[in-house]
Amino acid sequence: MTEKEAQEAKRHKRVDRLKKGIMGLFVFAVLAPIVLAVVFTLRINSLEKRLRDVTGNLEKLQAEEQKSAVEAYVSALGNPSGQEGASGQGATAGQEGASGQEATAGQEDARGQEDASDEENVMVRKVYLTFDDGPSSNTDNILDILDTYGVKATFFVTGKEGAKAEASYRRIVEEGHTLGMHSYTHDYSVIYASEEAFMEDMEKLQRYLYDVTGVQSTYIRFPGGSSNKVSDVDMRLLITDVHEAGMEYFDWNVSSQDASSKPLTKEEILDNCLNSIERFQNCIILMHDAGSKDSTVEALPELIEHIQAMEHTELLPITEDTVPVWHIKMTQETED
Numbered sequence: 001m002t003e004k005e006a007q008e009a010k011r012h013k014r015v016d017r018l019k020k021g022i023m024g025l026f027v028f029a030v031l032a033p034i035v036l037a038v039v040f041t042l043r044i045n046s047l048e049k050r051l052r053d054v055t056g057n058l059e060k061l062q063a064e065e066q067k068s069a070v071e072a073y074v075s076a077l078g079n080p081s082g083q084e085g086a087s088g089q090g091a092t093a094g095q096e097g098a099s100g101q102e103a104t105a106g107q108e109d110a111r112g113q114e115d116a117s118d119e120e121n122v123m124v125r126k127v128y129l130t131f132d133d134g135p136s137s138n139t140d141n142i143l144d145i146l147d148t149y150g151v152k153a154t155f156f157v158t159g160k161e162g163a164k165a166e167a168s169y170r171r172i173v174e175e176g177h178t179l180g181m182h183s184y185t186h187d188y189s190v191i192y193a194s195e196e197a198f199m200e201d202m203e204k205l206q207r208y209l210y211d212v213t214g215v216q217s218t219y220i221r222f223p224g225g226s227s228n229k230v231s232d233v234d235m236r237l238l239i240t241d242v243h244e245a246g247m248e249y250f251d252w253n254v255s256s257q258d259a260s261s262k263p264l265t266k267e268e269i270l271d272n273c274l275n276s277i278e279r280f281q282n283c284i285i286l287m288h289d290a291g292s293k294d295s296t297v298e299a300l301p302e303l304i305e306h307i308q309a310m311e312h313t314e315l316l317p318i319t320e321d322t323v324p325v326w327h328i329k330m331t332q333e334t335e336d
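Position 279, counted from 1, in the sequence shown is what the numbering used here calls 279; the numbers after and before it change by one each time, with no gaps.
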């Protein structure tokens with residue numbers, strides 16, 4: 001092989017190596033973004049799953065705390081020694097939440113909660129249907145059902161603006177139901193930041209509802225109940241503030257548990273309510289009329305029919321004559 005041919009062969013080898021290098025870079029440039037995209041997608045999906053799991057566990061914990069609060073409260077009513085206390089949230093999330101003040105052992109208020117088995121109190125059982133978190137697309141459906149059965153209920157509403165929400169507020173009042181307050185924002189981190197924040201939020205809602213309906217609402221339900229575990233403020237201080245402002249608060253002694261993160265069936269909601277109603281002469285049932293609570297709407301007709309079929313039982317809206325159900329008892333010592 002001549003020198004010229006040797007040089008030509010070397011040149012061809014260099015060119016081939018260069019071509020291969022360029023091709024390799026091209027393949028890398030094409031495949032690298034695809035591989036990275038796949039990796040990032042899998043990573044994002046993994047993180048989203050973890051977030052869903054954490055959120056689901058938190059909501060489940062809140063729902064379990066709410067259930068435990070009611071069960072412990074019910075247990076306390078049947079325990080003369082008062083050695084069991086109720087603590088926990090009333091949400092769903094919400095639904096409805098969580099609390100910063102535990103109801104200590106034996107501190108639940110038994111006002112009006114006489115056991116229905118006590119013959120001296122077997123007269124008229126009073127049952128109050130209450131709905132939190134509205135108005136929503138389901139509020140009108142619930143109002144239609146209540147109208148069909150001639151039943152009045154109580155709605156603890158949040159602050160929602162716009163023609164549709166205002167129409168719902170007015171309809172609640174015009175059809176003879178009780179318009180209660182659940183907070184304007186329903187943002188726990190805002191309303192439970194301080195006494196001032198809570199009262200500002202509640203008074204804002206009170207003014208708004210008065211402007212829309214002409215009704216000065218004085219009945220409230222604390223988000224998460226008075227036994228919630230979220231508040232940064234001692235709930236007994238907020239209770240005192242509420243009373244000093246001329247308002248009254250209402251917890252519940254029967255929960256539909258429709259605030260659970262897991263959607264309940266109509267049958268589950270019915271069981272949760274009907275299995276507890278007969279324990280009490282003064283029975284306040286917690287439900288929600290948020291837009292996602294379709295099964296609550298589905299259960300309502302049958303729930304009403306069961307209650308109306310009970311002897312010595314009537315369905316009523318909350319009024320000034322209603323005996324409140326409280327999860328936390330206000331003693332003289334705690335008020336001082």
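Rather than coming from a laboratory, the hints here were simulated on the basis of the structure.
Ideal Cβ positions, reconstructed from N, Cα and C, are used throughout, including at glycine.
The reader is advised that the hints may include incorrect statements.
Said to hold, decoys possible - Label-pair distances were calculated between CB atoms; the ranges are:
1) Val39 with Glu278: 41 to 51 Å
2) Asp232 with Glu278: 48 to 58 Å
3) Met123 with Ser189: 21 to 31 Å
4) Val190 with Ala37: 12 to 22 Å
5) Tyr210 with Arg43: 30 to 40 Å
6) Pro263 with His243: 43 to 53 Å
7) Lys164 with Glu302: 19 to 29 Å
As the list claims (entries may be wrong) - Below, in silico cross-link-like pairs of lysine to aspartate or glutamate (DMTMM-like), each with a Cα-Cα straight-line distance of 20 Å or less:
8) Lys266 with Asp144
9) Lys152 with Glu175
10) Lys164 with Asp144
11) Lys152 with Asp140
12) Lys126 with Glu3
13) Lys204 with Asp140
14) Lys126 with Glu8
15) Lys204 with Asp241
16) Lys160 with Glu174
17) Lys329 with Asp211
18) Lys329 with Glu200
19) Lys152 with Asp321
20) Lys164 with Glu196
21) Lys126 with Asp234
22) Lys329 with Asp187
23) Lys152 with Asp16
24) Lys164 with Glu200
25) Lys152 with Glu48
26) Lys160 with Glu200
27) Lys266 with Asp232
28) Lys126 with Asp140
29) Lys329 with Asp234
Here is how each hint holds up against the structure:
no.	hint	verdict
1	Val39 with Glu278: 41 to 51 Å	violated (59 Å)
2	Asp232 with Glu278: 48 to 58 Å	violated (38 Å)
3	Met123 with Ser189: 21 to 31 Å	violated (44 Å)
4	Val190 with Ala37: 12 to 22 Å	violated (39 Å)
5	Tyr210 with Arg43: 30 to 40 Å	violated (52 Å)
6	Pro263 with His243: 43 to 53 Å	violated (37 Å)
7	Lys164 with Glu302: 19 to 29 Å	holds (28 Å)
8	Lys266 with Asp144	holds (18 Å)
9	Lys152 with Glu175	holds (8 Å)
10	Lys164 with Asp144	holds (16 Å)
11	Lys152 with Asp140	holds (14 Å)
12	Lys126 with Glu3	violated (112 Å)
13	Lys204 with Asp140	violated (24 Å)
14	Lys126 with Glu8	violated (105 Å)
15	Lys204 with Asp241	holds (15 Å)
16	Lys160 with Glu174	holds (18 Å)
17	Lys329 with Asp211	violated (34 Å)
18	Lys329 with Glu200	violated (24 Å)
19	Lys152 with Asp321	holds (15 Å)
20	Lys164 with Glu196	violated (30 Å)
21	Lys126 with Asp234	violated (31 Å)
22	Lys329 with Asp187	violated (25 Å)
23	Lys152 with Asp16	violated (88 Å)
24	Lys164 with Glu200	violated (25 Å)
25	Lys152 with Glu48	violated (43 Å)
26	Lys160 with Glu200	holds (16 Å)
27	Lys266 with Asp232	violated (35 Å)
28	Lys126 with Asp140	violated (24 Å)
29	Lys329 with Asp234	holds (13 Å)
Checked against the numbered hints above, the structure breaks hints 1, 2, 3, 4, 5, 6, 12, 13, 14, 17, 18, 20, 21, 22, 23, 24, 25, 27 and 28 and satisfies the rest.
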